[in-house]
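Starting from the known structure of chain A, fit chain B onto it as the hints suggest.
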Amino acid sequence: MSGPSLDDVTDTPDELDDETAGKLVEEAEEVQDMTGEVCPYPQVEAKKAVQRLDTGELLVQETDHVPSTENVPRAVGDDADAKVWRSGDGLYRIYLEKR
Amino acid sequence: MVSQLLLAAVVGIGLGVFLQKGRFCFVHAFRDLFAFKDSRVTKGVLAATTLTMLFWSIAYELGYYQGFWTPGWGLTGLVGGFVFGIGMTYAGGCASGTLYRAGQGYLHFWLTLAAMGVGYAVFTVLFPTLKAVYFEPLTFGEGLSLFTVSPVPAPVLALLVTVGVVFVYATVVGRERRRAEEGDADRAVAADGGRPSPAPVAGFRSLVGGTRRYLAGFREIDDWVAASKRPWNPITAALGITAIAVVWFTQVSIVGITGPEARWTGYLLQQVGVDSGSFAYWGSVLFKGNGVRLTVDMVMIVAVIFGAFLAAYWSGDFSIRVPKRRRLPNAIGGGFLMGAGSRLAPGCNIGNIYSGLAELSVHSFVATVGIVAGVYVMTHWIYRDVGCAV
Chain A
1 MSGPSLDDVT
11 DTPDELDDET
21 AGKLVEEAEE
31 VQDMTGEVCP
41 YPQVEAKKAV
51 QRLDTGELLV
61 QETDHVPSTE
71 NVPRAVGDDA
81 DAKVWRSGDG
91 LYRIYLEKR
Chain B
100 MVSQLLLAAV
110 VGIGLGVFLQ
120 KGRFCFVHAF
130 RDLFAFKDSR
140 VTKGVLAATT
150 LTMLFWSIAY
160 ELGYYQGFWT
170 PGWGLTGLVG
180 GFVFGIGMTY
190 AGGCASGTLY
200 RAGQGYLHFW
210 LTLAAMGVGY
220 AVFTVLFPTL
230 KAVYFEPLTF
240 GEGLSLFTVS
250 PVPAPVLALL
260 VTVGVVFVYA
270 TVVGRERRRA
280 EEGDADRAVA
290 ADGGRPSPAP
300 VAGFRSLVGG
310 TRRYLAGFRE
320 IDDWVAASKR
330 PWNPITAALG
340 ITAIAVVWFT
350 QVSIVGITGP
360 EARWTGYLLQ
370 QVGVDSGSFA
380 YWGSVLFKGN
390 GVRLTVDMVM
400 IVAVIFGAFL
410 AAYWSGDFSI
420 RVPKRRRLPN
430 AIGGGFLMGA
440 GSRLAPGCNI
450 GNIYSGLAEL
460 SVHSFVATVG
470 IVAGVYVMTH
480 WIYRDVGCAV
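The listed protein sequences correspond, in order, to chains A and B. My numbering puts the first residue of the first sequence at 1, with every later residue one more than the last. My numbering puts the first residue of the second sequence at 100, with every later residue one more than the last.
Next comes chain A alone, as it looks inside the complex (with noise of 0.2 Å):
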């Protein structure tokens, strides 16, 4: 992907299984608590994350917000693997790995 161009449609983000949803926390290089915020700054905050991760880290963001399991990946772009999991009961957690 080249960047979001304008013939792209909505993608869901991958989807992971509870379980290893759970174990991918622990290893993760920062835990961001993003529940009760609002777009942008979820979107903001990966970001500048992202840019402070070395390749292969892992960063880990719990929100609460629906729109950000799609925006959070667009947002980083090429910098980041995106995977989202869903609780299912309105949490969510969006995986971003430094590419």
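Rather than coming from a laboratory, the hints here were simulated on the basis of the structure. The model shown is predicted, which means the values in this text are computed figures rather than measured ones. Don't take every hint at face value.
[Unchecked claim] Keeping only pairs whose Cα atoms sit at most 25 Å apart, straight-line, the calculated DSS-like set for lysine-lysine is: (1) B:Lys136 / A:Lys98; (2) A:Lys48 / B:Lys136; (3) A:Lys98 / A:Lys48; (4) A:Lys23 / A:Lys83; (5) A:Lys48 / B:Lys423; (6) A:Lys83 / A:Lys98; (7) B:Lys328 / A:Lys83; (8) A:Lys83 / A:Lys48; (9) A:Lys98 / A:Lys23; (10) A:Lys83 / B:Lys136; (11) B:Lys230 / B:Lys387.
[Claimed, not checked] Chain B is nowhere near these chain A residues, computed Cβ spacing over 10 Å in every case: (12) Thr20; (13) Leu24; (14) Ala28; (15) Thr55; (16) Asp81.
[As the list claims (entries may be wrong)] Pair by pair, the computed Cβ-Cβ distance ranges are: (17) A:Asp17 / B:Tyr313: 27 to 35 Å; (18) B:Leu367 / A:Leu91: 31 to 39 Å; (19) B:Ala488 / A:Val31: 23 to 31 Å; (20) B:Gly372 / A:Leu91: 36 to 44 Å; (21) B:Gly486 / A:Asp18: 31 to 39 Å; (22) B:Pro252 / A:Lys48: 52 to 60 Å.
Glycine included, every Cβ here is placed at the ideal spot set by N, Cα and C.
Using the frame of chain A, we list chain B on its own:
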């Protein structure tokens, strides 16, 4: 009256469902376009406005409509729109976004709604002064819809505007694609048989391809219940909103949000003992001298909150979300600026960018420029540490 209330309930719930499922947020539409060229919701807004304009022009031509909303045009739209744009970007949700997220369980946006109410009340108190020092000097002409003055029939005008919109859109998309392909010149040459096609042609081809992919997406759905719980494409939301807006236009009025909200503020204050009707703005402007009472559009916007709740609950996206303390200034300050700005303009993102442009109101062209400029400035301020793409 009962049928009107039923209509308001159905229209409001429908709007709430489509706004929530499509994450149809006007802040997102412009902020994320400026910040990192994300245009998914922008396309949804463009599609909804253009399609609504086409259908409304037909309804107008046939006489099946209840009236346009055309405030006097001038710099009020630019100034008020700018204040509103700043406010909605800071708050994190536009007038419609605030409503549907309130239904989704965000206490942040209930606070924003309350702060908007304060904005409406402060504006109302200051209205006699503002009329003399702001509205009269900054309003240049009578409000009008181009449909009413156009020498060609409204649907023809709407079709011409649509062709223009599609042409500009195709050109922009075509240029973007060419820029993306520049680093990969061999492939571009191969695809175009050695000669690159003009930007509008390439863009139009991509528009047709995108539409085809969108329609094909529906054929791939085997479990409609599961699919309904996932987020919907903003284009689906745009189509749904268009259909609802046509019903509302033929039966009641254009779709607006902050007008009814400002009426709610006067109505609720009346319930706690304030003589709202004695204030010129509530009494003679908003309630048109008919007394402070419940109107059908007030019922409709409450139904939007309820519709968004139903959609969010169904999707597993409903939960009571408590805002972080450091975001309270966003909810309160942003809400206040939205309330005040939407009165200064007048009109919010739905009144101006959606309905106003769809009815080709001269005032709304100016107000849209103001709102988008406000979003642009505020986006650059919020993203000051990480930078914007536009």
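Each hint tested on the structure:
no. : hint                           : result
1   : B:Lys136 / A:Lys98             : holds (21 Å)
2   : A:Lys48 / B:Lys136             : holds (18 Å)
3   : A:Lys98 / A:Lys48              : holds (12 Å)
4   : A:Lys23 / A:Lys83              : holds (14 Å)
5   : A:Lys48 / B:Lys423             : holds (19 Å)
6   : A:Lys83 / A:Lys98              : holds (12 Å)
7   : B:Lys328 / A:Lys83             : holds (19 Å)
8   : A:Lys83 / A:Lys48              : holds (18 Å)
9   : A:Lys98 / A:Lys23              : holds (18 Å)
10  : A:Lys83 / B:Lys136             : holds (21 Å)
11  : B:Lys230 / B:Lys387            : holds (17 Å)
12  : Thr20                          : holds (20 Å)
13  : Leu24                          : holds (22 Å)
14  : Ala28                          : holds (20 Å)
15  : Thr55                          : holds (19 Å)
16  : Asp81                          : holds (17 Å)
17  : A:Asp17 / B:Tyr313: 27 to 35 Å : holds (30 Å)
18  : B:Leu367 / A:Leu91: 31 to 39 Å : holds (33 Å)
19  : B:Ala488 / A:Val31: 23 to 31 Å : holds (27 Å)
20  : B:Gly372 / A:Leu91: 36 to 44 Å : holds (42 Å)
21  : B:Gly486 / A:Asp18: 31 to 39 Å : holds (36 Å)
22  : B:Pro252 / A:Lys48: 52 to 60 Å : holds (54 Å)
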